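Trainee: Read off the chains here:
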Amino acid sequence: MAEQRRTMMGNQAITQGALEAGVRVAAGYPGTPSSEIIQNLADAAAEHDLYVEWSINEKVSLEVAAAASLAGLRSLCAMKQNGVNVASDFLLHLAGSGVRAGMVLVHCDDPGALSSVNEGESRHFARMLELPQLEPGDFQEAKDMTKWAFELSEAIGNLVMLRSVTRLSHASGGVVPGTIPAPQGRARFDHHGTLLDQGHGPVSSSPVGLKHRRQQEKLKKAVELFETSPFNTYAGPEAPELLVITSSICNLYVKEALALLGLAERVGVLKLGTTWPLPPKLLQRNLERCERVLIVEEVIPFLEENVKIAAAEMAGEIGAKRFHGKRDGTIPASGELNPDIVIKALAGLLEVPYQARPAAYDRLAGELAPQATQERELAFCPGCPHRASFWSLKEALALDARDGFICGDIGCYSLAMRPTGYGMLKTLHAMGSGAGMASGFGQLGRFGMDQPVMAVSGDSTFYHAVIPALINAVHQKSPMSLVVLDNSGTAMTGFQPHPGTQANAMGQPVPPVDIEAVCRSLGAEVTVCDPFDLEATRRAAVELLADQSTAKVLILRQLCALSPQRKGYKPYDVWVDQDKCLGDQCGCNRLCTRVFGCPGLAWEKESGKARIDEVICAGCGVCASICPQGAILKSERA
Amino acid sequence: MAEAKLRQDPYNLIITGVGGQGNVLASRMLGNVLTSQGLWVTIGETFGASQRGGSVMSHLRVSAQGSWSPQIPAGRAHMVLALEPLEALRVLVTYGNPETKAIVNNRPILPMAAIAGKSQYPEGQQLRDMLAQLTAQSWSIPATDRAMELGASIYANIIMIGALSATGDLPVSRQGFQDELERALGPAKVATNLEAFDLGLAMVRG
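Just so you know, the protein sequences line up as chains A and B, in that order. Numbered per the numbering used here, the first sequence spans residues 1 to 638. Numbered per the numbering used here, the second sequence spans residues 1 to 206.
None of these hints come from the bench; they were simulated from the model. What you are looking at is a predicted structure, and each value in this text was computed from that prediction instead of being measured. Don't take every hint at face value.
[As the list claims (entries may be wrong)] Subject to a maximum C-alpha distance of 27 Å in a straight line, what follows is the list of computed BS3-like cross-link-like pairs (lysine-lysine): (1) B/K118 / A/K394; (2) A/K605 / B/K118; (3) A/K321 / A/K220; (4) B/K118 / A/K426; (5) A/K570 / B/K189; (6) A/K580 / B/K118; (7) A/K567 / B/K189.
Using the sequences and the accompanying hints, generate a full structural model.
Mentor: Laid out in structure tokens, this is it:
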């Protein structure tokens, strides 16, 4: 009997598809919106006899998954868009050498940069590296295509890329699950054949000439399969006024727009699930339907440009077409799409009026908008150790008075570019880039630069990409300070374990790799502090800045306010003594609410004094240390 | 399984609030209750601002037909379930129409700019007036205050779901909700959560 439909997150559907395909090994590095895929597989590991790991970074995770494939086990690797950049070095080689058992790279893009500091596209890697690219168009397809991706991988003997986006990975919809097979197969790496024998020999992308030609043959085979793939669908009249070509979650935006505009009888939709390489016969059949084509996709015009190339190649058969999309401005060239953007594009092209609500309501909403749209600036959580850390670092840099600055990188603490961390981050790029750039800034004293430089990194980031940068700084004798904001977990993406934690992804005990010991072994001087001890932290940071003769490390260690160990636990009761608080008469200029910026503090308009919001306060007690009047009090809870 | 009938298809519900209020949990629980009625539910969530302090929103599309876009088009909300009053206004300005209804938890969470004195949070009555102008019907309920009396502010979500159930707009029955509680949270947590659900139900039924 068929299983009942369930509402699944896109990432959950992808996990289900992998399990139905009999995946045995999965690896990845956490990154929104991809993180739940590995997490869900780790949760299923015991029941289905899988090996699942959170690897130290994306390149290593791809290498781990590739090993399984070469030993005959189906494997999956998952990462966010940035991760593909990190993994791309190995990816290029792997694409050339090919794989054995089915191997799928699930890469999740973040159009609109909802949880990223870029909206990078990873589809172009498929074209650049000559690998097949799949893009599920809804939740059911997220499951079905993942399962099929393993079969495709084995049919062509190469890795298959499957792209999701935030609004698919993190949205939920109806999926009918299938059956998960019993685990089977024994791992064995056969390496006794010749270098040219993909099934039995040593594995490498050389001899390059031959392997590259072979790789392109694999891609041709994939195109043949794409020609008849059920994941490429056409819906609409035989000869529409406009052909929409779309993929991924944009498929649902198009469906919505056509329903609201009442255009289903006039517009045809070619939804492509296999977006690289494009199957030419299928494309020709559909392009012949009409003269005008609109391409709807996120983020760069990947599909648009590839369709245009194909259309130029078949111009003799299909004639000239008029294309709309990102290149002519019909669809925005950056940012996330949504149904309204697609409605506007289609309404414009087909000259159909659309009014979502009465004009009078629009006017009223416009009048009230200034009240409604006051921004909620993202802030560190109440009780977040980073707020305390940046408070102390800010004071230390001010005391040092040489206009020093901090180079940042990727984690919750990236928010310190904004008011929540007192705007302390002055550079923000990739994982580990704060330490690498600080290593570079540190060398510029010889050119007259007299500003001290610090870098911050989180604990997971430290393992991922900071270690080589720190080695570089030590080896090059670069005067810089690295501050490791160690909150004991990959907090930003949901507390995935990393090499510093005592259990792995599957919950088994593992030996933690000690950050302090690693730094010392590299030759860096190391200090460890609790950031909630503001005075000690400030003193340590001042000392660090004063002597910049070598690379130094300050570890600020305190559990994340949301960590499973701390959640729901208030160490202190905190309150404002209304008699001691002098309010605006204090002369502190509302240091607690205006400057410190914890959401757990509020300014009472009626009394003109500060108070604690007991619903929000996490009871860390740090604010008690900053009030010049000592009006904020704390007492340990029983 | 008999499919439940809907007044509108797709029925568009927005759950809004501030990061950390349990918006995601509420949308999943509702989604599961509705799915168990044989309906298709598509849920789009804001994950990016899930840190405390940011505006967060879940879009629920409920349909007897199939999956819809995880983003509701502007001006197309049927119901706004707001865990915070300013967020109700923010959502209505973009997604409301003259037929939209709203259930609003009346306890403000001040934006950082308001805490710092750089902006002014609207007065209670002023905010209620604005919400009334943008809705066909709205309920302002003390969900957080009642939740604190039950022991934790997070019960406000469940009170809100109880209130939604009382409107009769969606097939969220007490029994369906109880089944979901037992499945999602285990039997130990059912009693207090059902109490919260009943509190919300009574607030709208009066």
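Trainee: Hint by hint, say whether it matches the structure.
Mentor: Each hint, compared with the structure:
Proposed proximity of B/K118 and A/K394 is supported: the alpha carbons are some 22 Å apart, at most 27 Å. A distance of roughly 13 Å separates the Cα atoms of A/K605 and B/K118; the hinted pair therefore holds under the 27 Å criterion. Between A/K321 and A/K220 the CA atoms are separated by roughly 26 Å; this keeps the pair inside 27 Å, and the hint holds. Among the hinted pairs, B/K118 with A/K426 is consistent with the structure: their alpha-carbon atoms are about 24 Å apart, no more than 27 Å.
Simply put, A/K570 and B/K189 have alpha-carbon atoms about 21 Å apart, close enough for the 27 Å limit, and the pair holds. With a CA separation close to 24 Å, the supplied pair A/K580 and B/K118 stays within the 27 Å bound. For the suggested pair A/K567 and B/K189, the alpha carbons sit about 18 Å apart, so the restraint of at most 27 Å is met.
Violation of the numbered hints given earlier is absent; every hint is satisfied by the structure.
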